[in-house]
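Participant: Each protein sequence line maps, in turn, to chains A and B. Residue numbering for the first sequence follows the working numbering, starting at 1 and increasing by one per position. Residue numbering for the second sequence follows the working numbering, starting at 1 and increasing by one per position.
There's no promise every hint is true.
Copies of one chain are not kept apart here, so a pair can be met inside one copy or by any two copies together.
Claimed, not checked - Subject to a maximum C-alpha distance of 30 Å in a straight line, what follows is the list of computed DSSO-like cross-link-like pairs (lysine-lysine):
#1 LYS42 <-> LYS209
#2 LYS250 <-> LYS230
#3 LYS48 <-> LYS27
#4 LYS191 <-> LYS48
Think of the hints as simulated: they come from the structure by calculation, not from any bench. Just so it is clear, the structure is predicted and the values come from calculations on it, not from any experiment.
Number of protein chains: 2
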Amino acid sequence: MQAYPDINSISIIGAGNVGSHLAIALKNAGYEIKHIVARNPKLAGSIKKLVDTEVLTSIKQVRYEPDMYLICVQDAEIHAVAESLLASDKIIVHTSGAIDMSVFSGKRNAYGVFYPLQTFTRELEMIYSDIPFLLEADNEHTLNALTCVAQRISGNYSCISAPERLRLHLAAVFACNFSNHMASIADYLLKQEGLDLELIRPLMRQTLKKLDTLSPKEAQTGPAVRGDEKTMSRHLEELSSEPELEELYKLISKSIQNKF
Amino acid sequence: MQAYPDINSISIIGAGNVGSHLAIALKNAGYEIKHIVARNPKLAGSIKKLVDTEVLTSIKQVRYEPDMYLICVQDAEIHAVAESLLASDKIIVHTSGAIDMSVFSGKRNAYGVFYPLQTFTRELEMIYSDIPFLLEADNEHTLNALTCVAQRISGNYSCISAPERLRLHLAAVFACNFSNHMASIADYLLKQEGLDLELIRPLMRQTLKKLDTLSPKEAQTGPAVRGDEKTMSRHLEELSSEPELEELYKLISKSIQNKF
Numbered sequence: 001m002q003a004y005p006d007i008n009s010i011s012i013i014g015a016g017n018v019g020s021h022l023a024i025a026l027k028n029a030g031y032e033i034k035h036i037v038a039r040n041p042k043l044a045g046s047i048k049k050l051v052d053t054e055v056l057t058s059i060k061q062v063r064y065e066p067d068m069y070l071i072c073v074q075d076a077e078i079h080a081v082a083e084s085l086l087a088s089d090k091i092i093v094h095t096s097g098a099i100d101m102s103v104f105s106g107k108r109n110a111y112g113v114f115y116p117l118q119t120f121t122r123e124l125e126m127i128y129s130d131i132p133f134l135l136e137a138d139n140e141h142t143l144n145a146l147t148c149v150a151q152r153i154s155g156n157y158s159c160i161s162a163p164e165r166l167r168l169h170l171a172a173v174f175a176c177n178f179s180n181h182m183a184s185i186a187d188y189l190l191k192q193e194g195l196d197l198e199l200i201r202p203l204m205r206q207t208l209k210k211l212d213t214l215s216p217k218e219a220q221t222g223p224a225v226r227g228d229e230k231t232m233s234r235h236l237e238e239l240s241s242e243p244e245l246e247e248l249y250k251l252i253s254k255s256i257q258n259k260f
Numbered sequence: 001m002q003a004y005p006d007i008n009s010i011s012i013i014g015a016g017n018v019g020s021h022l023a024i025a026l027k028n029a030g031y032e033i034k035h036i037v038a039r040n041p042k043l044a045g046s047i048k049k050l051v052d053t054e055v056l057t058s059i060k061q062v063r064y065e066p067d068m069y070l071i072c073v074q075d076a077e078i079h080a081v082a083e084s085l086l087a088s089d090k091i092i093v094h095t096s097g098a099i100d101m102s103v104f105s106g107k108r109n110a111y112g113v114f115y116p117l118q119t120f121t122r123e124l125e126m127i128y129s130d131i132p133f134l135l136e137a138d139n140e141h142t143l144n145a146l147t148c149v150a151q152r153i154s155g156n157y158s159c160i161s162a163p164e165r166l167r168l169h170l171a172a173v174f175a176c177n178f179s180n181h182m183a184s185i186a187d188y189l190l191k192q193e194g195l196d197l198e199l200i201r202p203l204m205r206q207t208l209k210k211l212d213t214l215s216p217k218e219a220q221t222g223p224a225v226r227g228d229e230k231t232m233s234r235h236l237e238e239l240s241s242e243p244e245l246e247e248l249y250k251l252i253s254k255s256i257q258n259k260f
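Model the full structure from these sequences, guided by the hints.
Facilitator: Listed below in structure tokens is the structure:
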């Protein structure tokens with residue numbers, strides 16, 4: 001087994017939410033960003049402004065290889081990117097919560113996963129030291145190399161297995177994506193009556209703050225958990241012209257009253 | 001129409017989450033807490049420690065009336081409390097998001113609603129100045145009196161109608177109670193694999209922080225909104241032994257992909 005040297009230079013494939021933030025984080029941490037590959041010319045232009053490096057529109061244009069390729073494309077495209085890098089012997093990792101690292105196996109060693117468990121929005125500044133990185137690699141040397149990179153960006157990292165990563169990704173969909181959608185529905189319901197989400201912002205902040213000291217189950221309040229059928233009926237009446245929301249209300253209330 | 005004097009003394013009926021917090025907030029704001037009525041002897045004991053005042057187990061024990069009765073009992077019990085105060089000519093208000101103030105109408109004037117749009121947990125300290133109070137009253141004098149009280153506790157108050165209050169309450173159930181339940185499910189899914197909710201806390205914080213600058217709809221990320229069917233299939237597979245969560249996952253994902 002070959003001992004990989006420290007990683008000094010990185011090329012980032014994909015300039016979406018994840019790619020653009022990791023490019024900044026890695027540059028700030030002192031890494032040489034060798035290339036950024038952005039197929040979309042609009043993204044290529046905006047990433048060029050953020051991280052002044054060579055921006056390519058295809059991996060085929062790479063002449064001088066980096067120590068590591070960091071793949072930040074959509075899950076469905078990871079396989080194709082891996083195929084196009086078959087000839088390379090550099091470290092190659094993806095950043096997906098849901099894709100197995102076996103996508104890289106076969107003709108190479110030195111591959112893995114470098115999954116930032118965070119929600120990225122291109123326009124918003126982020127505190128990179130707060131991002132947990134979940135790492136997995138084909139061998140110890142690669143894992144050590146990835147650990148060094150994660151350490152330099154964030155300090156918050158764990159080595160986890162593929163099933164654990166998938167489980168964390170699923171949990172994150174509930175705690176982040178679905179929870180945000182609950183706020184979307186609230187916003188929609190308020191706008192219908194000319195009311196502003198601003199009114200329930202203190203409530204949203206406090207809801208999260210409670211979880212500093214209580215488990216989510218202990219922190220649960222509201223009509224469902226206290227079995228207040230009358231209030232639930234009034235809410236369902238209020239939702240009678242929105243069958244989809246009515247169904248959601250019933251199902252989530254039932255779930256609150258069940259085992260979780 | 002009679003002009004009501006300023007409110008100086010308040011009796012609080014109910015010593016649950018809301019009652020105990022409002023007792024502290026009102027005391028801190030300089031009000032005389034004349035009585036607290038707590039039917040449950042255990043609650044009576046703990047509230048007595050927090051706010052040193054006369055703690056009664058029934059409204060019938062009240063001898064010297066306060067300027068205002070603040071009803072903090074469960075929705076289903078508000079009517080009975082109102083009945084037991086029929087002989088009083090003092091201001092009487094409830095703190096419910098879902099009950100119409102007409103519960104007090106009939107034989108009296110000077111009634112209303114003093115609804116704190118916040119999630120209360122008895123053991124947790126709160127910043128009372130951050131609580132929005134939603135006020136409604138039978139007449140202008142009562143409303144002025146309630147406004148003064150809200151101003152002294154929080155400064156964040158609005159006068160709103162009963163349908164608006166119900167809508168806010170419903171929106172709050174989505175943005176607070178249901179959103180918290182999403183964290184409960186995440187916690188449950190992680191524990192099954194021996195993983196800790198701590199790992200996704202930075203994600204939960206960032207999810208809420210994004211809403212400082214984006215609407216929830218703009219802030220939405222995840223497999224559903226980007227139409228990543230493959231990841232959703234893997235998640236649903238992961239949930240195959242949890243039909244209730246599977247159904248929730250499908251329904252919320254569908255809702256994200258629809259109009260909101």
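Participant: Hint numbers the structure violates, sorted upward?
Facilitator: 4
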